[in-house]
Amino acid sequence: MTRTTLTTPLGDEVLSLHAGDQVLLSGIVYTARDEAHLMMKERGIPFDPVGAAIYHCGPVIQDARILAAGPTTSARLNALTGFLLDRGVRALIGKGGMGAEVARDLIGRGVYLACTGGCAVLAASKMSLKGVYFEELGMAEAIWIIELDSLPLVVGIDSHGNDLFADIALGANKQFHRKFT
Amino acid sequence: MVLPEDDPLFRALSAATCRAFREAVTTLPQDVVEALRSAAMREPSALAKNELKNILDNIAIAEQRALPLCQDTGVPVVYLTVPPHVPYTDTLICAVGEGVRRATREIPLRPNVVSPLKRENSGDNTGPGMPIVHVRPGSCLSVTVLPKGAGAENMSRLAMLLPTESEKIPRFVAETMLIAGGRPCPPVILGVGIGGTFDGCAALAKEALLLPIRTMDPFEQELCDAVNALGIGPMGLGGETTALAVKVRMAACHTASLPVAVNVQCWAARHSTVEVTW
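Going down the list, the protein sequences come from chains Y and Z. The numbering of the first sequence is the numbering used here, which starts it at 14 and goes up by one. The numbering of the second sequence is the numbering used here, which starts it at 92 and goes up by one.
To be clear, the hints were calculated from the coordinates, so they are not data collected in a lab. Hints are not guaranteed to be accurate.
[To be verified] Here are the simulated lysine-lysine pairs, DSS-like style, with alpha carbons at most 27 Å apart:
id, chain 1, residue 1, chain 2, residue 2
1, Y, Lys54, Y, Lys143
2, Z, Lys140, Y, Lys139
3, Y, Lys187, Z, Lys140
4, Y, Lys192, Z, Lys259
5, Z, Lys259, Y, Lys139
6, Z, Lys209, Y, Lys54
7, Y, Lys187, Z, Lys209
Build the full structure now, drawing on both the sequences and the hints.
Structure (structure tokens):
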């Protein structure tokens with residue numbers, strides 16, 4: 014399987030990706046979880062959102078080094094993501110997929126990239142720490158500025174309305190009702 | 092008065108707790124690693140195989156560098172066995188708390204524990220009611236830790252079924268995973284508690300996660316097959332391995348009750364036991 018190489022800030026190249034494609038992402042990404050999303054909504058986005066990639070992650074940091082930084086469950090941020098895409102964010106990185114409203118918001122604009130959940134040291138081995146915003150939110154919830162070197166990801170939701178997670182969920186639902194009704 | 096730090100038992104138990112956390116968060120039990128390897132061999136889907144390969148690579152790097160294999164180092168759930176000659180006093184509970192604080196600083200663990208409504212982080216993974224400590228009689232003093240991440244814990248469910256509805260248990264277990272989808276980092280291990288009371292049943296489900304997963308009895312296998320038939324696969328990207336295993340623990344219950352609890356455990360099924368000597 015071939016892997017597409019991408020570097021942030023991202024542009025229209027994300028529009029040619031398709032659900033199920035494997036990519037290697039390099040460049041700056043910004044971690045953000047629940048509290049950081051709320052803070053950005055209230056106080057504004059502390060970085061240039063145009064072409065940016067948001068990583069749903071709360072890392073373990075020690076002495077300004079990233080020790081472990083796998084993805085968190087993206088679906089918690091379903092209702093807090095629209096404003097970021099409106100401001101030009103092109104990629105959301107996390108695990109487990111996102112809701113139908115986010116898939117709709119990504120159409121013609123950007124992609125959701127799935128990172129293997131729990132693979133925190135594998136991810137950290139491809140990262141270097143560049144800075145932090147909202148550090149007062151604590152280690153897990155702050156926005157950490159991270160430079161990636163070829164992080165392996167899978168396109169979970171593309172900009173054409175295809176959602177790999179939704180397809181799998183639909184199949185699971187069919188199987189469930191076949192067996193239990 | 093003897094300060095806790097001067098009490099050899101306190102020192103030994105807090106050190107053992109810290110050591111158990113270090114082992115638990117940096118290395119997975121061998122049966123779990125074997126189950127992941129065998130799933131990677133069996134998976135026909137290239138995407139699913141790739142996710143499992145990432146997981147196995149991650150486990151190897153974490154062990155080699157002695158780093159937490161997942162950044163969500165969980166909340167501290169602790170099981171103590173206490174032998175007849177050790178008095179069960181607050182010293183034991185305080186020592187476990189001290190072990191958690193030390194583990195948080197030294198390993199380090201991510202500080203995950205917050206107050207439930209104000210969401211204020213204690214910074215050391217302890218707080219009122221945390222760590223959760225279960226105590227049992229035993230032949231030696233031992234500490235078992237089960238650091239529990241939130242992604243999978245949040246997908247766990249409990250049902251108070253009618254006593255006549257035991258045939259609905261497979262449906263409830265499969266439905267739990269249907270709702271969870273890729274969110275709890277599959278392939279999962281499901282701990283199922285059956286019987287007891289509302290609270291006891293949930294505790295049984297969690298304790299089932301401490302059972303070895305090399306074997307399943309026919310009922311556990313039936314539950315596991317029902318879950319795997321969903322095709323959710325590693326990380327929810329599709330595949331044949333949604334659950335590595337389902338383990339069941341049961342207790343007697345009221346004639347009018349049938350509590351069933353499903354505790355969802357991500358693939359990082361971390362637990363470790365250290366015997367305390369002093």
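Enumerated hints in conflict with the structure, sorted upward: Of the numbered hints given earlier, those the structure breaks are 5, 7, listed in rising order.
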